[in-house]
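Engineer: In case you want the letters, here they are:
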Amino acid sequence: MEKLRWNWPIWLGFILSIAAFVSYFAVFARFPITRNVPWVNFLLFAASVLFLWMGLRRIFAGAPSMPRRVLGSLLALVGVAILGGFCFFVFHAGKQLPAAVGSPKIGQKAPEFSLRDTHGNLVSLATLLASPLDAAGPTSGGPQGVLLVFYRGYW
Amino acid sequence: MAISADEPEISADLCKKAGYTYTFLSDPSADAIRRYDLLHPGAGVGGHDIARPAEFLLDSSGVVRWVNLTEDLRVRATPEEMLKAAKALR
Numbered sequence: 001m002e003k004l005r006w007n008w009p010i011w012l013g014f015i016l017s018i019a020a021f022v023s024y025f026a027v028f029a030r031f032p033i034t035r036n037v038p039w040v041n042f043l044l045f046a047a048s049v050l051f052l053w054m055g056l057r058r059i060f061a062g063a064p065s066m067p068r069r070v071l072g073s074l075l076a077l078v079g080v081a082i083l084g085g086f087c088f089f090v091f092h093a094g095k096q097l098p099a100a101v102g103s104p105k106i107g108q109k110a111p112e113f114s115l116r117d118t119h120g121n122l123v124s125l126a127t128l129l130a131s132p133l134d135a136a137g138p139t140s141g142g143p144q145g146v147l148l149v150f151y152r153g154y155w
Numbered sequence: 156m157a158i159s160a161d162e163p164e165i166s167a168d169l170c171k172k173a174g175y176t177y178t179f180l181s182d183p184s185a186d187a188i189r190r191y192d193l194l195h196p197g198a199g200v201g202g203h204d205i206a207r208p209a210e211f212l213l214d215s216s217g218v219v220r221w222v223n224l225t226e227d228l229r230v231r232a233t234p235e236e237m238l239k240a241a242k243a244l245r
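First to last, the sequence lines map onto chains A and B. Letter by letter, the first sequence follows residues 1 to 155 in my numbering. Letter by letter, the second sequence follows residues 156 to 245 in my numbering.
Treat the hints with care, as some may be off.
[Unchecked claim] Computed from the model, here is a short list of chain B residues facing chain A with C-beta under 10 Å:
#, residue
1, E162
2, C170
3, G174
4, T178
5, A198
6, V200
7, G202
8, L213
Don't read these hints as lab results, they were simulated from the structure. Cβ atoms here follow ideal geometry from the backbone N, Cα and C, with glycine treated the same way.
Okay, chain B solo, but in the shape it has when bound (with noise of 0.2 Å):
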């Protein structure tokens, strides 16, 4: 599922363009962005505090077992890298 600073609406519209079906969460004041410490400030449109790329992947028990931290914004986890971590998941 993806996380991002924007309002539901926007989210929706990007599900509804872009044909992604899976969870698309809110987080407008950036709080679990701030927990997960991903916080890029100002970084956003008009300056507003947004979520430097990153991904987790959690087992069944919330633990994390696989995680992307990207040095640069235009790089990020290919599907491939992700659903071969999760395939070794056990």
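Same shape as in the complex, but just chain A (with noise of 0.2 Å):
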């Protein structure tokens, strides 16, 4: 009779590309070196396809039972989709952002706007523009400027 044995790959494989894709967001994404190229989280994806072949390596040569193979299959495929979900994200949804052809352009003059701040203070450009920023610092007396950043969002 086959001796059970513990499907460690299959299991580690799993794991790992579950790993591969949280990290990114949890930790690797928060610097430029990491996120730009995601090589970490791909160098922790090929390593979870390696050990998700070895463990169906293991399932189809050795006879284990049916729930075995199924329950070892369908990690695999799951942990497959999960690189699939990731490399989707990174070479294709990522990159569907608006051209932004009506944006002001090197020259032009940023068109003026009144916000509210975090103090619920109305701010307008023109209010920033009376107190530029200082690039080198507050009284280097250096060009001084706005920079503005739009971002997507906090959540």
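Mind docking these for me? Both chains are given alone in their own frames, and the hints should help you get the complex.
Structural biologist: Here it is, written out as structure tokens:
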């Protein structure tokens, strides 16, 4: 009778796949060096696929019971699907940004606006321009300007 | 300074948690975002209209001197790039 062995590679591959996905958003997206090209996460996914492959070979080389075969295949399938989802986000979904053809160009005057700050005060671009920030520190006498950073929001 | 479609309370929460001390402006109706042609319709949580990421450096007369319109929401201007652009202002 075949000794029942715990198929650790398939579980490790499965857990690595989840870790590779989650760790991008939780950790590696915070640093430009691991965010712009998600090489750490692709390395984790590569290790995941390797272990999933090892696990599948164990399943189909040996003669485990049907439920074990189904469970193992399912874990491998979900693991690879997570990799697929990550690739979709990195190579496709993240690049679906509007073209912004009408945005102010270099040399053009930036459109005026008046918006509320975190204290509820109305702040206009004119106000900001009247007290521009110094590029090299508050009292350096260096070039002054206003940096507008539009971001998607906090969630 | 930063602009998003978030309400002031949400930006205040973000500043508190992240320790940001510069100005955060709220544009929940996306008026300024539209004026800069940066609207990303329905891309926010619950299908709200938000801004696509963009950075503009203005000189003290309000003229755009440097701009970064990323084509990938994961890739943004680095602090070093922005500082370099700011130091080049004259």
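Engineer: Now look at each hint and say whether the structure bears it out.
Structural biologist: These are the hints, each one checked on the structure:
1. For E162 (chain B), the shortest C-beta to C-beta distance to chain A is roughly 9 Å, which falls under 10 Å, so the interface hint holds.
2. Hint on C170 (chain B) holds. Least Cβ distance to chain A is approximately 6 Å, under the 10 Å limit.
3. Restraint check, G174 (chain B) versus chain A: the minimum CB separation of about 13 Å is more than 10 Å; hint violated.
4. Here the hint on T178 (chain B) is kept, as its CB sits about 6 Å from the closest CB of chain A, short of 10 Å.
5. Taking 10 Å as the C-beta cut-off, the interface hint given for A198 (chain B) holds, the closest approach to chain A being about 7 Å.
6. Interface restraint check: V200 (chain B) against chain A, minimum CB-CB distance 5 Å, threshold 10 Å, status holds.
7. Hint status for G202 (chain B): violated, given a least beta-carbon distance of 13 Å to chain A, over 10 Å.
8. This hint holds: L213 (chain B) has a C-beta 5 Å from the nearest C-beta of chain A, less than the 10 Å allowed.
In terms of the numbered hints stated before, the structure departs from hints 3, 7, listed from lowest to highest.
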